[in-house]
Each structure stands twice: as C-alpha cells, then as structure tokens.
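Let the hints inform the model, and build the full structure from the sequences given.
Here the protein sequences line up with chains F and G, keeping their order. At position 60 of the first sequence the residue is numbered 60 (our numbering), and the sequence of numbers has no breaks. At position 90 of the second sequence the residue is numbered 90 (our numbering), and the sequence of numbers has no breaks.
These aren't lab readings, by the way, just hints derived from the structure by calculation. Among the clues, some could well be false.
What the hints assert, rightly or not - Straight-line distance between alpha carbons at most 20 Å, and here's what the computed DMTMM-like set of lysine to aspartate or glutamate pairs gives:
#1 G/112 <-> G/139
#2 G/36 <-> F/45
#3 G/42 <-> F/80
#4 F/335 <-> G/20
#5 G/40 <-> F/72
#6 G/36 <-> F/54
#7 G/29 <-> F/54
#8 G/42 <-> F/72
#9 G/40 <-> F/54
Treat the numbers as computed from the prediction; the structure is a model and nothing was measured.
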Amino acid sequence: MTDYLNIKRMTLLAFDWAFTLEKAILIAIIITVSLVVAMYATYAERKVAGFMQDRLGPNRAGPFGLLQPLADGLKLFFKEEVIPSNSSKFLFILGPCLAMLTAMMTSAVIPWGGKVELGGRIVDLQVADINIGILYIFGVVSLGVYGMMIGGWASNNKYSLMAALRGASQAISYELAMGLSLIALLMLTGSLSLRTITEQQIQGNWWNIVYQPLGFFLFFVCSLAECNRAPFDLPEAESELNMGYHQEYSSMKLGFFLFAEYINMFISCTIIATLFLGGYDMPFVDEAKLSGITALLVGLLALFGKTFILIFIFMWIRWTLPRFRYDQLMNLGWKTLIPLALLNMVITGAVVLLMMK
Amino acid sequence: MDALTQRAKMVDRRPMNWLERIYLWEIFKGMAITLKHFFKKKVTIQYPEQTRPFSPVFRGLQILNRDEEGRERCTACGLCAVACPAEAITMEGAERLPGEEHLYREEKYAAKYEINMLRCIFCGLCEEACPKDAIYLSETFAPANYNRKSFIYGKPDLLIPDPVTRPEEYARAKGLIDKKKNLALKHTKTNELK
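Next up, the structure:
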C-alpha cells in the first residue's frame, strides 16, 4: 500500500520537463504568430479598404508598403503616453492589458494541426486539449468584455463610459445567440473538445457547415459582433462616440486595444474555421496517406488558408456595410438572431433524434 | 416643369418587399459591388514617380530664357514687373561691361531679377508683356519649402540652363518654350483668319 502511494507520489512529483518545454515553445510560437498575423491584418485591412475604394492603400514603406505595420507600431511607441488625471490609474492600465490577455488566451485550445512525431515524441499542435474547449473560449471571450468595460470606465469620460456600456450590452446580447447557435452544432458532434470536432470533420465526409449552414451563418454574424467589427463597431463609433472606449488612450495602450481587436479577429476566424470548415483538413487530400511532417504542413496551410479567407470576408464586410444604429443592433440580436438560433437548435435536435431511431 | 437634364431619377417610395426587408440579399448585392471595385483599375497617380500630364496651356514656374549662344535675353526693361498684377517681380538693371558680351545679349541686363512665388498668381501676363522673349512660364510648379524666403526665386533659380555647357537640360526646358510659341502662333493665326 505504501509502495503504491509512493509510486503515485513519485509520478505526481516527476515533472515532465520535456513536456513543459514543448508547450512553452508552442505557446511562444502561437503568440508570435498571432501577433505577426494581427500586425499584417492591419496592413491587409488598409490595403483591402484602399482597393475597395479604388485606391492603392499603403505602398510607401518598403516594397508594396510591407513595412507599414512596423512603421505604425514604431509611431505608437514614440507617442506620448497620457493618463488622464481624473482616471483611476490602476484600472486605466489594466484595461488594455486585459483586452490583450484575453485576446491571446483563446488561442490555447485551438488545434493548429494534427499530432506529429518529432524526435521520438508525439508533439501535439494544441496547447491544451481540454474536453471543454468551446466552454473555455466562451469564458475567456466574456472576460474580454472586462477589458473594454474597465478601460471605458477608468477613463472618466462620458463617451468612453457610454461606449463601454454599449460594448458590454452588445457582447452579452450576441454571446447568447452565439452560444445557442453552437448548441445545435454540439448536438451533432457530442463533444466540446475542438480537437474531437476537427477530427470528426476529417473522418466524416462533410464539414460541419454542410450540416449546420444556419448555425454557421449565425455564429459568423455573432463573431463579427463579438470582435466589434463593422457593422457592429458601436463601441468605437467614431462619428457618434468619438473613438468610443479608447478615446482617452494614447501611445501603446491604444495600440494594445487596437491590436487586441485584430488578434480577436484572427482567433475568431480560426475558431470558425475549426468548428465549421474542418479545421486543419485540406479539402480533397487524404491526410492519412501523407507522412508526418507533410501532413502537418498541409494541415497548417489549410487552417491558415481558411482563416485568411475568413479574415478577408470580415474586412470585405467592414468596407461594405455602414454601422447599425443601436436599436437596430439590439433588434437584430434579440428579435432575429436568438429566435433563429433557437429554431436551428430545435430542428437539429429533432433531426438528431430521428436519425438515432 | 421639365427636367433640365435626363439624369433625374424618380425616388422609389414603394414599401420594401420581403427580400429587401431581411436585408441579407441587399447586403450580398452591396458586397458584390465592393468586390467589383476591388478588381477595378485604380485611379491613383503615384505622384513623385508618375505625374499627371499637363495641358499645353498650363502655366507653371517662370524661366528666364537665353539665346542660342547662351546669352541672357532679359534687358531689365521692367515691362513684366509693370504687367504683373500681383507685383511679384522686382529687378535691377545694370550696364554690360566690355568683355561680358558672351553673357548678355544687349547692352543692358538684369543684375538682379526676383519673382516672389508666394505672390505670383501664374497668370502669364509677364510672358505676354516681354518684348525680348526672355520670360516664359514652364510646366513645373513651386515645390514645397520650409520658409518664406526660399520662395523668392532669384536669377540662379529662374535662368534656363546654358545651351553651351548643359545642352541636354537646355533642350528639355527649351522644348516647353517652343511648344508654347507654336501654340501662341497657331492661336494668332486662327484669330487672323477670323
């Protein structure tokens, strides 16, 4: 008995250094990649905006303006950092930090690729394969509202406060529809783990979008709203709220808020790709026939390709549609999206029941 | 009342039908339009590398002309300064000394010739007033500068390059003048015909 306990204690104490190192490296890579993608998303946004308005977009810094995000970042770093004297300083600084933190944290449960054997170890391209992956994402995304709320409140500015309130109510309203649209999907998959959902799509014939077109659409619209992207960019409505919750922010704190938005966009596009578009499943390619590294690269290519297409659609929508009025936003959320999501849920439930019999 | 043009469009005030009320179809239509613009040819002229072609009557910065041997044509008669409605031109005349015949075409020349480009309205009246073909408006416009003083152009800024020492640059600047001359000639001819 004591032996057993000892062994158990030993295994508990035996710290798997290689495992820790592997995950640390993976986290570092994922954070770097999301930062770089977010950086170039700002560039892509300006280019897309330009092209859609018959302009060329930034093309002066470096070839094709590729150094523009660096120049922008440098500019933000060199700006004077102003903290309003009437603000509560701790919260004022905490706001952008929270926004950035929650934006980065969601990437932990995304399966970036399949498992691959590297040097005798099976490396999992997912930081944490927790069996409540989607629940975790929802939790962290709701935390993200705090960044906006705290930032807006601590600024001690009426526009910021109003924008923060708007942002919070918008996020809450659309999270409901988002969750409901996902429940229908979860009825089909029977799992909350993103890895399982992806593998089901790889093994099955079709991606989830085929089974859940309405669910996909609702989830897409809701993630637009969650990312505060146009046409749901009410929290930062320049024309009415004067930059919204980041009005009092300057220098890199403003940069953090803006950056968090782009990271959020990248992550939510990845999540949409994972949930509905097969994740790292390359269409028309049988991954099982490929060797380890090739399959990994093909998977990464597939996931990033899907993500970038989705990001382009996000931008495309932003530069096409005008902003919703606040009552329109609430009407759409509560009177259209939630009933549709409920309907979708009921129909899916009925179909699942029938199929089981 | 009849419309002056054919471009007037009646405003459609019919109530929206179902497809329009759910907005989705209209959103897709809008997105199709923006996508069409995405692939359209861009209208941007990338300024320092590309320039917009000017019309032949464009009036830009003045140049002081030389003759074929590179001698300055200006005799500091002051007609341009008199003609100038903005009073942008000032000059000082001087007498040509023996040995300076290769520099100045006639016995009198402009020792100082200044145009204040902040005053100048680029009307071209100086060009019309000049009896000696000495001043022309070119196709360049005043570049940006950091202080007011540098907008007062002196003789070194205004003089056309010497055809003897810098023939290529002279030819390029001269081309503009010739173009103008031809245009003016054509203009007077058509007037005479009338």
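Taking the hints in turn, this is what the structure says about them:
| no. | hint | in the structure |
| --- | --- | --- |
| 1 | G/112 <-> G/139 | violated, 24 Å |
| 2 | G/36 <-> F/45 | holds, 17 Å |
| 3 | G/42 <-> F/80 | violated, 36 Å |
| 4 | F/335 <-> G/20 | holds, 17 Å |
| 5 | G/40 <-> F/72 | violated, 28 Å |
| 6 | G/36 <-> F/54 | holds, 10 Å |
| 7 | G/29 <-> F/54 | holds, 18 Å |
| 8 | G/42 <-> F/72 | violated, 24 Å |
| 9 | G/40 <-> F/54 | holds, 7 Å |
When held up to the earlier numbered hints, the structure conflicts with 1, 3, 5, 8 and fits the remainder.
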